[in-house]
Every structure is written in C-alpha cells, then in structure tokens.
Amino acid sequence: MFSLVAFIPRAILQGMPLLFGCTGETISEKVGSLNLGIPGVMYVGAICGVIGSFLYEQSCGGDVVPIVAILIPFLACLAGALLMGLLFAFLTVTLRANQNVVGLAMTTFGVGFGNFFGGSLMKLTGSAVPSIALSATSKCFRKALPFADDCGAFGKIFLSYGFMTYLAVAIAVVTALVLTKTRIGLQLRAIGENPATADAAGIDVTKYKYFAICIGCMIAGLGGLFYVMDYANGVWSNDAFGDRGWLAIALVIFTLWKPNIAIFGSILFGGLYILNLFIPGASMATKELYKMLPYLVTIIVLVITSMRRKREHQPPEALGLPYFREDR
Amino acid sequence: MKENKVRKEPLIKLSRREDIDRKHSWTYRALAIVAALILDAIIIMVTVHMNPLDIYETMFMGAFGTSRKVWITLKDLSLLLLISIALTPAYKMKFWNLGGEGQVLMGAWATAFCMLYLGDKLPHGVLLLVMFLAAIVVGAIWAMIPAVFKAKWGTNETLFTLMMNYVAIQLIAYFVIKWEVPKGSGHVGIINQSTQAGWLPYIGTNSYALIVILVAIVTVGMYVYLKYSKHGYEISVVGESQRTATYVGISVDKVIIRTLFLSGAICGFAGWLMVSGSGHTITTSIAGGMGFTGIMVSWLAQFNVIVMILCSLLIVFMGHGASEIATSFGLNEAFGDILTGIIIFFIIGVEFFIHYKVHTRKSGKEVA
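Taken in sequence, the protein lines are chains A and B. Quick note: the first sequence uses my numbering, first residue 1, plus one each step. Quick note: the second sequence uses my numbering, first residue 1001, plus one each step.
For the record, the hints were derived by calculation from the structure and aren't laboratory data. Treat each hint with caution, since some may be false.
Unchecked claim - With a straight-line cut-off of 20 Å between C-alpha atoms, the simulated EDC-like cross-links for lysine to aspartate or glutamate are:
| no. | chain 1 | residue 1 | chain 2 | residue 2 |
| --- | --- | --- | --- | --- |
| 1 | B | Lys-1013 | A | Asp-199 |
| 2 | B | Lys-1013 | A | Asp-204 |
| 3 | A | Lys-287 | A | Asp-239 |
| 4 | A | Lys-258 | A | Glu-312 |
| 5 | A | Lys-287 | B | Glu-1180 |
| 6 | A | Lys-139 | A | Asp-63 |
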C-alpha cells in the first residue's frame, strides 16, 4: 500500500540537498552567472565536511562533543565551498573567462577532488579504519526534536528531521525575500538583467557578483554536507552523490528562479527520485526511467516558458554573459 | 564632493588588445601550462612524497611506457579530439552545445542496439554500415531537438542540451538493465564476444589503428568544411551576428538546425567508435565525461585544430599519468581529474592576459 506518511519524509530527505543547491545556484544566476560548477562545489563542500569531521572523530576517539562535531564539518564545508566560489568569481568576473567552460572545469575538478579524498583519506592519514563512516557526527546532525515521535503522523512529516532540513527551508525563504523585497535583491537582479545599466546606476557590479557567487556556492556546499551527514548517515562512498548537482540546476529552471517555489519543487523532485520504491511491481529497469522524469519536466518547463514569453518567467537577461565596462 | 579634489587614476586599468600576435599569445599559454605543471608537481609531492622529476617520469611511462599504452593513449586522444571537433561548428555559431555527452551516449546506444538485435542476421560489412548510420542519425536527432526549439522559440540551448545529457544517461541505464548478462549483474558485458559481429576490424593485430585513421579523416574534413565551404561561411556569419545573417539572406533557423545535425552526427559517430571499435559494450559511463571535456578543449582551442590536438593530448596524458601514480600508491583514480582541472584553470585564466592589457597607475606602463 502506498503510504503518504512514509513517502513524504523520504521525499523531503531526497529533496533537501537539491534545495540547498538550487537556492545557491539561483542567487548566482540572478547576477547573471550561470555556475555549472555547482555539482563540483557540492562535492567539495561534502568532502571538506567529511575531512574535518573525520580528523575530529579520529582525534577524540569517537567520544564527540555534539556542538563541536557539528561546527567543525559545517565550517570546513563552508570554507571549501567558499574557495570554489572565489575561484569561479575570480576566473569569470575578474578574468572574464567563459562561465560555461569554467563551470564545467570546476565540476570535473570538484567531483575528482571529492572522489580522490573520499577514496584516499584512510591511506593518506594512515588510519586503520576500513571505510569512512562518521556515525557519531551523523547522529548529531540527525538529532530531531525530542517530542517528534509523540506527534503521530504530523510529527513524522514535519518534525522528524535534523536541523539542516529546517535550515534549508529557512535559507530558501530568506533568499526569496531578500531577492524580491529588499534593495540588495533589486540591485542583484538589476545586474543579472543588464549589468551595464546597473553599473551606470552606480551599483558596484564586481563586488555584487563576487558576493552573490560566493554566497551561492556556500549554500550549495551545504547541500553536499547534508547529503553525507544526514541522508547517508555519515558514510562516504564515491560517486554516491551522483547527479544531484545537475538536478539542482534543473530545479532552478523548473522553479523559474524562485527559491520559495523551490521548497516544494525540491520535495517534488525528491519524490520523483524515489517514486519507484513506492510503486508496486516497478522493475529495476523502469526505476531508471522514473529518474528521468525530473529532467523531462524541466525540459518541458523550459520549452513552455520560452514559447509563452512571459517576462517574469524568463531567465535573467544577461545570464552567461561576461561584463566588461569598456566594451560597447 | 569638493570641486577641486584631485581625482586619482584607478590603480589598475584594463584595455582590450587590438592586435594579438601569435608569438606573444603562445608564450603566455606555454608559461601558464608550465606554471600549472609545477603546481601539480607540488600537489603530488605533498600527497605521495615523490621527487617531482620522478613524478613526471612515472606519468610519462603511464601514458607512453609500452606500445600498448601508446595505442591506448592515441585512441583516447582521438576520441576526445573527435568530440571536440564535433562541438566546434556549434560554438563557431555561438550555440552552446553542452549535450555532447548525451549525443555520444545515444550514438553508442544505437550501435549496441544494432549489434544485439541484428548481430546474427546481417553480414559483417552490412551490419557495420547499418550500425554506423543508426549511430549518426540517433546522435543527430538528439542534438537537433534543442536546435529546433532554439531556432523556433529561442529556448535557452545551454540548459536544454545540458538536460538532454541526463535524459540520455537514464535511458541508457534503463537499457543496460534490460540487456544485462547475466541477469542482475548490472552489466551488459562484451557484446558478440564469440562472433565479433559488429566489431570494427583490426588493422593487422592492432585494434585501435582504424579509430585513429577515421578520426584523422573527420578532422581534416571538418577543417575544410569550416574554412572553405559555403556552409562554413554561413556558420561564421551567424556566429558573428544573426542580424547580419538575416540581412544577407541566410536562413538562420536552417543554419542552426543543419549545424547541430552535423554536430550531433559526429558525436554519434564517436559513440559508434566507442562501442564498435574499443569497448564492445555499453554502460552509462562509456563516454567517460569526454562530452564535457570536449567542450573545454573545443573552446580553449578557439577553433584551431592544432591547439585542439595539443590540448587533447595534454588532458589524456595527465589522465593516464595520474592514474599510473594513483595505482602505484594505492590512491584513488580521480587524482587525474584534480591535476587536469588545475591545468584547465590556468589555461582559462591566461586567456585574459592574452586579450587584455593591464596598466598600473604609477607608471602607466604595461605590466602584462
């Protein structure tokens, strides 16, 4: 029997990494930077968190202090993702390199970085453990509200998650508000639509672009961290994160660059990703076809928005274009 | 603000270089690669504590150590080059075809399909021809879908072609499970191992020589097509300005669709070579990310075939070399991706110093 109470929490867990990635990518795309490096950034964020947490767990022998066990991977993840963001910003904004090429190179680099350290960390640190399983840290990340179990179905659907799930939703809501309701948001969007006009209006294009790209990457990096620490119980296995980074980029298009819609979009995508588990009689092969659905609906959304040409549903006008003030 | 305040010149001023001479730009590129190789060597030293010269010797042996390794390197070089060549006409038209991976996969899928279902029904030569045609048609269709939408409704092709990759990957994943041998293994295994039906013929005992020759022919063909044919001229006009193209009577829609047909067909051809010529099987990772690496190669080379060959060689060399180091130290294969990534970042970065002049405030002199 299809059980909604069992299905929704799993869809949400699947969706949250996408929501982090999507919110981050949206911020970046709003200033006109199509960051195709997001899948790589999410890998780097995840592995940096893993390295930090691994070293901490090794040093204290599994006897972790919860707040430290959360802070170390959290900060390591943010730092790693920030460095990737700075790299993208430096190459595309300061050096005006092509965004697609830099992004793809960053994804190759980031995925390689994650898999290399994920596969070689034990060897490099000379530790005796057979695989990376950060169960103590993961427990701290997954700690749900104590009274969640007493609230029945409501508790299971809304209260049974670790703090990062709520963080993801909060970040998405705040981002949506900042982008649509504040001065900073207006200026960011102005740059994404037409950087020359924004520049003429006195907006510091370079500063804002750096800011948006770096913040976007840091948020996306948290998606990787969520995946390892919360979804995967602290177990790192190479390539397990899979194509979720690309799904996050698809989600940006699907939600028409609106992080508040992305909250529901991410859960929908997460649901499509695991739908096969809940459909009786679905074979291994058809499971792969279900995984195609998020990409297909994204394509359909992309096509329909381009046919209808409604202004508020279009990608940012200057998306993917470099800006050089002296060019005319 | 006070009127009489002395305004300083900005600390750094940039201007676009009007004339970029060859020698100058090549020196810069070479310097960037050397710098990247030094940084790579430092990273390897830190991770595996090896002397940097030994590192590059080991890498060299990994890529060219035995004649078999040389041929594998040549094969990978050819395939990467072929995909870069396939993507080039689209870029020249300023159409971002990020779907190379998917187009290659679909070509590979069509090839495997023919091998499995027609392997025992057709004579070898006919089978090869049918596979070839199926691969290029399917690859071309995969590329033409986004092209048609771009031409008719201006649908963003960067995002569309990107999404098509994952549709293709999931489609292949579906068929891999359908075709898996034995059931439940998740692998298709070597197709037609006993009959070798649909396998690209060896030249002597060499299984890869024919791939290298075929890629060389396509490379020359594409060079001539872009440089001397009417189509090639139309592509560059559309790339420069669609308005100009419309004004001189070129049908922009037609050029976009036709060029993407060609681009996808060559990607499909690459898929055919991968299945029929080297792998003899199908997996979701058979294109090995070359559809993406090819984008970087094609763009970095700026339509220059020689640069494309050198770039592909560098990337393939680093990949093979790094995996040699990784294996001998029990590290992960992904080492190569990190090293290659660094080189690509440097090459991307140096383009700036080739195209722009940097002036500082003090002297007004040129720094770079």
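Hint check results:
no. : hint                     : in the structure
1   : B:Lys-1013 <-> A:Asp-199 : holds, 17 Å
2   : B:Lys-1013 <-> A:Asp-204 : holds, 16 Å
3   : A:Lys-287 <-> A:Asp-239  : holds, 19 Å
4   : A:Lys-258 <-> A:Glu-312  : holds, 11 Å
5   : A:Lys-287 <-> B:Glu-1180 : holds, 15 Å
6   : A:Lys-139 <-> A:Asp-63   : holds, 12 Å
Hint violations for this structure: none, all hints satisfied.
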